[in-house]
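Those protein sequence lines, which keep their order, are chains A and B. Take 123 as the starting number for the first sequence in our numbering and just add one per residue. Take 123 as the starting number for the second sequence in our numbering and just add one per residue.
A couple of the hints might just be wrong.
If chains are identical, the list can't say which one is meant, so a pair holds when it fits in one copy or spans any two.
As the list claims (entries may be wrong) - Straight-line Cα separation of at most 25 Å, SDA-like style, residue types lysine to any residue; simulated pairs:
| no. | residue 1 | residue 2 |
| --- | --- | --- |
| 1 | 223 | 180 |
| 2 | 163 | 748 |
| 3 | 223 | 822 |
| 4 | 163 | 222 |
| 5 | 365 | 506 |
| 6 | 796 | 252 |
The set of hints was computed from the structure by calculation and includes no laboratory data. Just so it is clear, the structure is predicted and the values come from calculations on it, not from any experiment.
There are 2 protein chains.
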Amino acid sequence: MLPLLCAVWADGLIDEVELESIRRTLDGTEWMTQEGRARAKEWLDRTRPPSSATYSAATAAVRATAGTGVVTLTRAGLALAEATTTRAPSWRTAAVATLGKLEMELGFSGGEVLRELVGAYGGVPAIGARSSGTARQVAQAVRGDYPELRARVRAVLSQPELRIPDPLPLAEQRERTLVAVKALAEAGLGAFAFPEELGGAGDAGAGVAVFEELALGDLSVLVKYGVQFGLFGGSIAQLGTEKHHRRYLARVASMELPGCYAMTETGHGSNVRDIRTVATHDAAAREFVVATPDDDARKDYIGNAALDGRIATVFARLLAGGTDHGVHAFLVPIRERSGAPAPGVSIEDCGAKEGLNGVDNGRIRFDAVRVPEGALLDRFAGINDAGEYESSIPSPGRRFFTMLGTLVSGRVSIAAASVAVARKALTIAVRYTAARRQFGPAGGAEVPVLTYLSVQRALLPRLARCYATGFAVRALIRRLADPDADRRRLEVRAAALKATASRDAVNTLQACREACGGQGYLAENQFGRLKADTDVFTTFEGANPVLLQLVAKGLLSRYGRDMGDLSMWGMARYLAEMAGTRLTDMNPVVTRRTDPDHLVGGAFQLAALRYREDRLLRSAARRLKARIDAGMDSFDAANECQDHLIALASAHADRVLLSTALRDLEPLAESKGKELLARVLSLYGLSVLETHRAWYLEAGYFEPMKSEAVRAEVNRACRELAPHALELVDAFEIPDYLVGAPVGRKSV
Amino acid sequence: MLPLLCAVWADGLIDEVELESIRRTLDGTEWMTQEGRARAKEWLDRTRPPSSATYSAATAAVRATAGTGVVTLTRAGLALAEATTTRAPSWRTAAVATLGKLEMELGFSGGEVLRELVGAYGGVPAIGARSSGTARQVAQAVRGDYPELRARVRAVLSQPELRIPDPLPLAEQRERTLVAVKALAEAGLGAFAFPEELGGAGDAGAGVAVFEELALGDLSVLVKYGVQFGLFGGSIAQLGTEKHHRRYLARVASMELPGCYAMTETGHGSNVRDIRTVATHDAAAREFVVATPDDDARKDYIGNAALDGRIATVFARLLAGGTDHGVHAFLVPIRERSGAPAPGVSIEDCGAKEGLNGVDNGRIRFDAVRVPEGALLDRFAGINDAGEYESSIPSPGRRFFTMLGTLVSGRVSIAAASVAVARKALTIAVRYTAARRQFGPAGGAEVPVLTYLSVQRALLPRLARCYATGFAVRALIRRLADPDADRRRLEVRAAALKATASRDAVNTLQACREACGGQGYLAENQFGRLKADTDVFTTFEGANPVLLQLVAKGLLSRYGRDMGDLSMWGMARYLAEMAGTRLTDMNPVVTRRTDPDHLVGGAFQLAALRYREDRLLRSAARRLKARIDAGMDSFDAANECQDHLIALASAHADRVLLSTALRDLEPLAESKGKELLARVLSLYGLSVLETHRAWYLEAGYFEPMKSEAVRAEVNRACRELAPHALELVDAFEIPDYLVGAPVGRKSV
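Next up, chain A with everything else stripped away, as it sits in the complex (with noise of 0.2 Å):
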């Protein structure tokens, strides 16, 4: 009883009604003696408090026995009444339901309350402290595959081509930039997007890792590498077949022909499938004749078009026969030699952007340009020898939808490459912060920033997000990697991780930036660069919220949907059958619960996660089947449940992290390093639980006991993860070459 009794003098705030309700439950338990009950009620007279040497007797008899393990009052009582007699077990549940009670009643719980009677938060923690050893442990851990590539590509990063200055006038960058990706091609990371017959790694996964990779180094130089070798090499490789395989893909991989991957319409980007540029065949000729109707349908933002482009993989309507046969890929010289723009195509420069300035974006039309036949990338559908089409894929909209399956690699690249932008960032911030000192106790020292709760809670919570993705999104790189996974399970995972990796990505950076002050805004620290190149990465490669929707719909028909179109929202019976079953209802227990043992758990954390998925997933069945039976467009009634989606999609994502990263901590051997991992992920769980109590609390999952609960533990962690946030931006293993800025570098 004492670490309780302590506890309702400790702040001097208790009331009346409250000691009363102390009272009666005493009156009420039978473990304790009577003798027991009186002394405990001599601490319960608001008028005749305990003296100040008995209290600080008590306390100081509470701080003996309760071990830093010892995190609620109630086990502190228990801790210094075993400390001094033996008791049976019964008395001993007993004893922890009346204490247990009372605790949650007086809102004691939360473990702030103890800490402050042990002392245990006296004084400042040190920030600058690190163990290499940890950090390593740590880095052991969450290391990609493809350890020997991912060397490989970072002493490529490290030659002088590859390190461009910033700022640079436009067309200097834009120089620089392609000297670089010639660099990496004479490197030999030209060919990793291509089978292994081609030339490739054989392995879809090791394309991801090079990218990764690259993302530490200038992001033009990436985005350029991408659109040269992932998307024009990719769509050849993937789309064309063995004539188009022979004839273009060494040159690809070698740089020597650049080219670009024209999809995007200035009328139409996320919804690729109502692109209008046309390519009509001309079985006379034996030809296409590709063109674009108008202003609305120029291929615009088309990396590598502006200068260095000498073909593109166009993506037109094929029509043939009077028919439209929906989108096909074509391979349309657009430059002559020379620079000049091929016969029939004209080519305008998108110019400067807000980032990302090194890649040379442009527009294409095409006036009735003539491409022989052969140009069909054609391993889906050709022209057959009787000049008529033919595909082995019945359905247009299947075959757009197996075309559209090679954007699958972009989108894990994108999250990939997120990932290393936001690791950069957070090493950058948190060696700033942990060194940087600004105000202090009156008349004390300076403190390190990082020591303030406002700046732990900027940057600690984001840290161990990106943590969790890191561990998502490597094992994303693994199944996009595996022949035998699931196609639309890994479209749909793709999707939920480019978009919540780059949305972390920008909003991280922006936190980075604000947390560095003053010296966050010097261009060489690099926030207002990695800014710029990477606001993007939440438009391009499907922008954020049609990807989200896109998981909604994978998520709502089983994964029994063709990714990529949010027109076909009629499945009806998928949703019947969620909205007719019913989640088991939560045990009220559970609701309550708020001891930091039980908060801080991945099992509990981890069912929270899944609970809110699940729970999303069958109401927005139910809101989705009641307005299409009441006859509503499907279109409208997506629109209308838009926000509940997007809801649903990153609730999923929030899961997924969670469990791929517990997943892949259990095995690991038990180190400092996997005990600290392990307090990054209770914090990256407890803080979407924060980010979402509204959700909890509506839902009756929380009561709001425990959603402040949650809050104080954040704050905790936070606190706790403050001296360890060097050795977790260490692990990041980011040589100081690639961190850039100043304030950054390790050696500082």
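Assemble the complex: chain A is given as a structure, and chain B must be docked to it using the hints.
Chain B alone, transformed into the frame defined by chain A:
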């Protein structure tokens, strides 16, 4: 009863438990006839649903009497009943009670169910329409004061010197920016910050109005203008005496004498009180010796320092007669006419920054630079004829805060500029998303993307908040212009609005960029530049987290403490006073009411915002006091409560925005514009409640049902405002040449 019965069958999802609950309620009613109850019960048998003919006749009857003003099933039922027979008032009361209870229990409140029944949301609302009359009425209500002055600034902004292309090489951008600032000086805009007798407008508000208008133009020009005339000129005008005014001000106003405001040091940004540059009085020579003790004490990020500044207002600790008298301001020449640094002065260029690259920021070191006694800006303290230090303000602390008071205009100016930039960004994004079409119902035409709930939710609550902030900033400028206004209240308000407006500007720009997709990423559409330039608004003139803590401190000390110092938290008297008072308990009816009339009303919203502010204030006081009473250093106590203090400051800002806006709206004559503005402010209020619904749920102010109803009302308000979004951005009256972005022009 009929509307409710229709609703029961509308989605076909009702279960037996709910039906039984309705039957039980019917049995308890006395206002219905036996026959009426029996007929109603016929609708409540799950095994015998109403025939489709019966159902559609019933819904047609509901539709016929439910006008657009009717928003709940209860009211629709009353309208229907009263359309057929006359009823006694007592009948009405009883019926409302029963129906209201059922409506709430069944989750039919929130308006959506009725709209579904009466079919009010069929089809896509017209997004592209606009009424110029309504826009003009709105504009009249929100325009800033000083209309002639503003018109004059706009005329200057249309001059070719003020239109600086983007991007430009650093040197050229700086040169063009200098030319532009000289053009502003020539146009007579340089002296507004000075008092009337010194050639100024005689009104600090006029200076901010000029700044606010200039913020619609190039932001480097704005900031260089602010440095020269506001900070440098302002420091001479406000901290100097007649001799300084006569000698310098005319040359400052004409840009003949470009200068700097050298306060920030490398090691001390927001913590100005602890800067370490010294000015030692040499009584024999009647001079001061200005010195930089080490690199950490260099003046840093100083605008105009790298290239143009010839003299600087330098803040340094005044040492005289062996005593440190605290921070004072001195005029120190830093550059010769030739452009070379003055003897003993070394200057370094900060180089490229994320944005504002037209401003030449630099670092300055002083190596025992001697200046005459007259260099001290001696309005508040000086050296007397006997060579002794003397001040009209005895305490160094008080003196420091008096001098720091000059910062308040800067904070008001940044708040105003932030609103101007957010208005520009919203103008571009709303016009683009109202025009851009993508996706659409299967088989139907594509729809403007502003039709999508996710786009509406990204833009419209920010637009509403921008409106509310506009009212609050206009009121703040009036307060600044009022010589009788309480200074401490002014300072707290300025800190709160600077922090919230700059935060909102950064977030709004990001949301607007993303809503514009790839177009938003092109430099010509302005977002990249606007984002980069305004990013530092959250940092300079006081970092936002620091300012928010100052606001909390101001509120906790009831404006009794000086601003600008975070180490002085020992304000036990105020804390005790506040911790002792209790809020009156909330009304349980309010906790549960979920009808739209209630939720969208200003009275309820303002009460809810006040409740949050008051309760956070009291709980912060309690938490701080408990810690300080327990012997914790006030620094540690404030740090442990930092998230709470920042929440308090934000809650204060949220409330000020709403109360100012409602107060200013109320006296206006009724018009469509006023009606539209009221709906905008209602969305602002709703979205604040939605953002903080977890807090309201934890506090017991909302029940889960109410929280969900708030979300539903935000969706509804977004849907209903979307067709007026163009009017709302037209009302900002930003001419196309200042909008700049091709996709954001009105004339598109």
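Right, here's what the structure says about each hint:
no.: 1; hint: 223 x 180; in the structure: within (22 Å within a copy, 53 Å between copies)
no.: 2; hint: 163 x 748; in the structure: between (59 Å within a copy, 23 Å between copies)
no.: 3; hint: 223 x 822; in the structure: both (20 Å within a copy, 21 Å between copies)
no.: 4; hint: 163 x 222; in the structure: within (18 Å within a copy, 48 Å between copies)
no.: 5; hint: 365 x 506; in the structure: within (15 Å within a copy, 94 Å between copies)
no.: 6; hint: 796 x 252; in the structure: within (16 Å within a copy, 60 Å between copies)
When each numbered hint is compared with the structure, no violation occurs for any of them.
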